[in-house]
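Asker: Starting from the given sequences, assemble the full structure and let the hints guide the process.
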Amino acid sequence: MNAYDVIVVGGGNAAFCAALAAREKGASVLVLEAAPEDEAGGNSRFTAGAMRVVYNGVDDIKALVPDLSDDEIAITDFGTYTQDQFFDDMARVTQFRTDPDLCELLVTKSFPTLLWMREKGIRFVPIYGRQAFKVDGKFKFWGGLTLETVGGGPGLVDMLTASARKHGIDIRYETRATDLLFDGNRVSGVRIRHTGETSELIAKSVVLASGGFEANSEWRTRYLGPGWDLAKVRGSRFNTGEGIRMALDIGASPYGNWSGCHAVGWEMNAPEFGDLAVGDQFQKHSYPFAIMVNANGERFVDEGADFRNYTYAKYGRVILNQPGQFAWQIFDAKTKHLQRDEYNIRQCTKVVAHSLEDLSRKLDGVDANNFVKTVEEYNAAVTKDVAFNPNVKDGRRTNGLAIDKTNWANTLDTPPFEGYAVTCGITFTFGGLRVTNDAQVVNLDYQPIPGLFAAGELVGGIFYFNYPGGTGLTSGSVFGRIAGNAAAG
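Under my numbering, read the sequence shown as residues -1 to 487, first letter to last.
Keep in mind that the hints are not guaranteed to be accurate.
Claimed, not checked - Derived CB-CB ranges, DEER-like:
| no. | residue 1 | residue 2 | range |
| --- | --- | --- | --- |
| 1 | A72 | A275 | 36 to 46 Å |
| 2 | E355 | G135 | 37 to 47 Å |
| 3 | A400 | E35 | 50 to 60 Å |
| 4 | L228 | I401 | 16 to 26 Å |
| 5 | A160 | D411 | 47 to 57 Å |
| 6 | E35 | E198 | 17 to 27 Å |
| 7 | D99 | D411 | 49 to 59 Å |
Honestly, the hints are just simulated from the structure, not real lab data.
From the three backbone atoms N, C-alpha and C, an ideal C-beta is built for every residue, glycine too.
Answerer: Put into structure tokens, the structure is as follows:
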């Protein structure tokens, strides 16, 4: 029977941040990853690596990206993303439901946590490719999202794994934790299954960081509602809610938006689970510069309600609720250049035509006549006297439609026209476990459970309805570090 100071269940960003923080305190640490090594990293491996962080100017960016060149600084307007801006974004997109204490930790600890990650060997770069447009010769970042990890999600997992090994942390792959060892008072380890054999591992503390229940179709339908079994899973097939279940089995308190999740517009013919060869490129996130139509040939959402960062995580649910659980995104030649890289991959359900009538016949499953009528009415409603500007909410809108587009409204009149088919891709679930400010899991009487901590997707109470892009990884890092420190303490 092996014994460690701290056992971390999970192998993604939150798990490794917890492991590194505990090791820094002198604890012996074991990381348990259910996946084989080539699929390890949970949802972190499937992300683009963007991390939302407070910064008050270019000096803060330079602290996180020391090799930023003078030339890059000269051609870039980094602006700021202050604590107040982060708080405002969290409050607004969660409809003021985010837990105040957890939100305060997330926001105030974001910059020091990324600095700490930098010390642990994690490297960051500005997201020039996806979060900045060039205006008047300068790149301008928008939507509060400025940095990503080198190599995206796979790079983040590789850097974290290398750092863990360098710091003497043990990692076991294809090892699934099945139950917590609990005597009615405290957690003293985990029961595991490896190559069909079951055994027990003893620890002074356990940190659960094994993700939400997005890859569990039965739980999705139970908690998110009917139809959610039909959603595609953007990330890991291993995030089935086992960490949450183990804690609930010993009387942990559930918390947060159990009927809510992060879900996006996703390639309609993507596989059931994420494909590491494609990563997050199945997403289709340039819809603010397009229109979206459903099977009836009708628009069903304000594509320009806000920057992509603040709407993409809730629009997957809206697409899932359309007839047939799909939609088509429609672009013309005027906004083609604004499409993100993911529109150029080979695994795309895409049609091209030189007239709207021709396009209407190529949009599989869509009422062609209604589609043409929808576009004609949309074009007639676009206000032409407001300048189009993709860097700001420009107020260029339609007027008089059942659902107006309130920013970035351009007429669809310049061929070639393109259509991209999307469905709902679920990223992670919002419901999870209730924790203290030290990331310690509490029981149904709201008393801390000795020896049990949690971080990452399975912490409830942070996100409701929606989330600001790049906050998931930051939350995992912040609460992973807190959990690791407390578990080792």
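Asker: Does each hint hold? Answer for all of them.
Answerer: Going down the list of hints, with the structure as the test:
Roughly 37 Å separates the CB atoms of A72 and A275, a value that falls within the hinted 36 to 46 Å. Roughly 40 Å separates the CB atoms of E355 and G135, a value that falls within the hinted 37 to 47 Å. Separation of A400 from E35 is about 52 Å and conforms to the stated range, judged on CB atoms against 50 to 60 Å. For L228 paired with I401, a C-beta distance near 24 Å keeps the hint of 16 to 26 Å intact.
Range check, A160 to D411: Cβ separation about 52 Å, and the 47 to 57 Å hint holds. Taken as a hint, the range 17 to 27 Å holds for the pair E35 and E198, whose Cβ atoms sit roughly 23 Å apart. A beta carbon spacing of about 51 Å between D99 and D411 agrees with the range 49 to 59 Å that was offered as a hint.
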